[in-house]
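Please model the entire structure based on the sequences and the hints provided.
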Amino acid sequence: MGSARAHDLRTVLSGDDIARASRRIAHEIVEKAKGASDLVLLGIPTRGVTLAHRIGRAISEIEGIDVPVGALDITLYRDDLRLRPTRALEETSIPDVGIDGKIVVLVDDVLFSGRTIRAALDALNDVGRPAAVRLAVLVDRGHRELPIRPDYVGKNIPTSPAEKVRVRLSEIDDSDSVEISAGEDE
Amino acid sequence: MRHLLSAGDLDRDKALLILDTAAEMAALSDRSVKKLPTLRGRTVVNLFFEDSTRTRISFELAAKRLSADVINFAAKGSSVSKGESLKDTALTLEAMGADAVVIRHWDSGAPYRLAHADWIGGSVVNAGDGTHEHPTQALLDAYTMRRHLRDGKGALEGVRVGIVGDILHSRVARSNVLLLQTLGAQVTLVAPPTLLPIGIDTWPCEVSYDIESVLPNVDAVMMLRVQQERMQAAYFPTAREYSRLYGLNGDRMRLLPEHAIVLHPGPMNRGMEISAEVADSDRAVMVEQVANGVSVRMAVLYLLLGGAKE
Numbered sequence: 001m002g003s004a005r006a007h008d009l010r011t012v013l014s015g016d017d018i019a020r021a022s023r024r025i026a027h028e029i030v031e032k033a034k035g036a037s038d039l040v041l042l043g044i045p046t047r048g049v050t051l052a053h054r055i056g057r058a059i060s061e062i063e064g065i066d067v068p069v070g071a072l073d074i075t076l077y078r079d080d081l082r083l084r085p086t087r088a089l090e091e092t093s094i095p096d097v098g099i100d101g102k103i104v105v106l107v108d109d110v111l112f113s114g115r116t117i118r119a120a121l122d123a124l125n126d127v128g129r130p131a132a133v134r135l136a137v138l139v140d141r142g143h144r145e146l147p148i149r150p151d152y153v154g155k156n157i158p159t160s161p162a163e164k165v166r167v168r169l170s171e172i173d174d175s176d177s178v179e180i181s182a183g184e185d186e
Numbered sequence: 001m002r003h004l005l006s007a008g009d010l011d012r013d014k015a016l017l018i019l020d021t022a023a024e025m026a027a028l029s030d031r032s033v034k035k036l037p038t039l040r041g042r043t044v045v046n047l048f049f050e051d052s053t054r055t056r057i058s059f060e061l062a063a064k065r066l067s068a069d070v071i072n073f074a075a076k077g078s079s080v081s082k083g084e085s086l087k088d089t090a091l092t093l094e095a096m097g098a099d100a101v102v103i104r105h106w107d108s109g110a111p112y113r114l115a116h117a118d119w120i121g122g123s124v125v126n127a128g129d130g131t132h133e134h135p136t137q138a139l140l141d142a143y144t145m146r147r148h149l150r151d152g153k154g155a156l157e158g159v160r161v162g163i164v165g166d167i168l169h170s171r172v173a174r175s176n177v178l179l180l181q182t183l184g185a186q187v188t189l190v191a192p193p194t195l196l197p198i199g200i201d202t203w204p205c206e207v208s209y210d211i212e213s214v215l216p217n218v219d220a221v222m223m224l225r226v227q228q229e230r231m232q233a234a235y236f237p238t239a240r241e242y243s244r245l246y247g248l249n250g251d252r253m254r255l256l257p258e259h260a261i262v263l264h265p266g267p268m269n270r271g272m273e274i275s276a277e278v279a280d281s282d283r284a285v286m287v288e289q290v291a292n293g294v295s296v297r298m299a300v301l302y303l304l305l306g307g308a309k310e
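Heads up: the sequence lines are chains A and B, in that order.
First residue of the first sequence: 1, per UniProt numbering; consecutive thereafter.
First residue of the second sequence: 1, per UniProt numbering; consecutive thereafter.
If you are wondering where the hints come from, they were derived from the structure by calculation, not from laboratory data.
Owing to the predicted nature of the structure, the values given are computational and were not obtained by experimental measurement.
Be aware that a few hints might be false.
Once the Cα atoms are required to be at most 20 Å apart in a straight line, the calculated SDA-like pairs of lysine to any residue come out as [claimed, not checked]:
#1 B/64 / A/126
#2 B/34 / A/126
#3 B/35 / A/142
#4 B/34 / A/85
#5 B/309 / A/79
#6 B/35 / A/122
#7 B/153 / A/91
#8 B/309 / A/87
#9 B/309 / A/121
#10 B/34 / A/121
Right under this line is the structure:
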C-alpha cells in the first residue's frame, strides 16, 4: 500500500505556476482596491504567511510602495478545539498601522471547508474594524461547509473530500509545488 | 498535560511550550478587545484556602480573558470554616462541573492529593501549596528573565540567577530552582543557614551565605519576602540585622552587572529584604512580573483545557 501511495501523488501546480498565480493575484488585489495605499495583507500560518509576503512583494513592485504584511493565527478561534489534543499557537503579528479602516486581504494556501476563514473573521473582529475584508487563496479545492467564498484564487482544483492537497513553498519546504495525493486512512 | 502540580513535572519542551504560548498570549493582550473565545463554556474554580490577592486575581483575569466562567471559592466564610474536608469540597466542585480547579492550600501536597484521589475529573493547577511549590510563579519568573536576558526566545542556558532570602519557607524558591535547572540556568541560593531547608545539598544549585560575593556574578537576582507569618521560631536575631546582612539596597544593587535585573514575587517588604531605591529603580521588573503572570496563566489554562480531554 505504501508504494501505491507514492504513485498517486500528482503535481497540479509547478513552481512557475505558483509564481504566476501569485503575481496575478497581486495585480487583481491592486486593481480591485484601486491602488495599494489602504491595503494590509494578513497571512494565516504557516504557508499563508509565506504567500502573503510573496504577494506583498509583488504589489510593492507593481505600485512602488510597501504594503504592510502580517500574520493572523486563528488557533484560539477554532471551532474544533475540543475535538483534538491542545494545539500549539502560531505567531500573530498585526502591522503597526493596524487594520481599522484598511482593506484587509486574508491569505491562505488552501481553501477547503471554510472553517479556518470563519475563525479568521472572528479573530479580525477582536483586532479592529477594517473597511473591507477580502480573501486570497492559492488553491480552492471545494467542499465548503460554510457560506464563504474567495475573492482571488490561484487555481480551482476539484478534489474528492478524501484526497489531500499538499502545498510546498521554498521558504519552508525545499521547493515550490502543489500536489494531490489519494486519501489515506487515519 | 492534564495537571500542573510541580515545576519539576515540566520537561524542557513542555516548559518552552508554555513560555512560547505565553508570549503569544501577551501579544494578544495589547489589543483593544482582550477577550478570546477559546474556553467558552468551561468552568474554572479558584479554590483558595490561604489568603492571596495577586495570585487569585491573576488566575481570575487569565481565565476570564479566555472566556471561561470563574468561581472564586475562599476558605474564609465558606463551608471550610465550618469544618468541611478537602474531599467533600472537591466532590461539591465536581458535582458543579468544574473543568479546572486552581488550588492554593496551606498544606504542602494538597494539590497532589486533589489531583490523584479520584475525587474530581478536571484539571488541577497548583497555585501554591504550603512551603512546597508555586509552579506558575516560577514560569512567570522564567518568562520575565527570558524576555530581558534572552530576547524572549529559547531556554535560559548559561543564565546565572541568585535567589536571596527565606529559602526554608519558600515555595517560590523550590519551584524556581527546579524550573531554572530544567531550562539550563545556574542558580545560587543565598540565605542565613537557619533559613535553608534540610537536604539543601541535594538541590541542583549552589548555596552561599554572602550576598555581596554573589551579586557581581549573576544576570538576575530574585529577592524573597521575609514571611513574618511563618516565622514561629527565631531564625535571625532582629529584622534590622537580617536587612543589613541579606537585604538588597542601592549600594549592593550597583555590584550587579550592568544588564542584570531584580525580581521579587511580591508582596514586598520595603526596607526589609529590598530597599525603596532598588524597588523603584529601572532594574526592578516587579510590575512587569505581574503582567507576565497573567499571560503565563492564560497559557497554562489554555494548554490544560484548550483541547480534547485526554
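Take a quick look at whether residue 34 of chain B and residue 126 of chain A sit within 20 Å of each other, Cα to Cα.
Roughly 8 Å separates the two Cα atoms, so the pair holds.
Can you confirm whether the C-alpha distance between residue 309 of chain B and residue 121 of chain A stays at or below 20 Å?
violated, 27 Å
For a C-alpha distance cap of 20 Å, please report whether residue 309 of chain B and residue 79 of chain A respect it.
Since the Cα atoms of residue 309 of chain B and residue 79 of chain A sit roughly 15 Å apart, the hinted pair holds (cutoff 20 Å).
Are residue 64 of chain B and residue 126 of chain A close enough, with their CA atoms no more than 20 Å apart?
Holds, because 15 Å separates the two Cα atoms, which is no more than 20 Å.
Quick one, are residue 35 of chain B and residue 142 of chain A close enough, alpha carbons at most 20 Å?
Roughly 32 Å separates the two Cα atoms, so the pair is violated.
Holds or violated: residue 35 of chain B and residue 122 of chain A, Cα atoms, limit 20 Å.
holds, 12 Å
Need the status of pair residue 34 of chain B, residue 121 of chain A: alpha-carbon distance at most 20 Å?
holds, 16 Å
Given the hinted pair residue 309 of chain B and residue 87 of chain A, is their alpha-carbon gap at most 20 Å?
holds, 13 Å
Please verify whether residue 153 of chain B and residue 91 of chain A have alpha carbons no more than 20 Å apart.
holds, 13 Å
Does residue 85 of chain A lie within 20 Å of residue 34 of chain B when you go C-alpha to C-alpha?
violated, 24 Å
In this structure, the hints that do not hold are numbers 3, 4, 9, in rising order.
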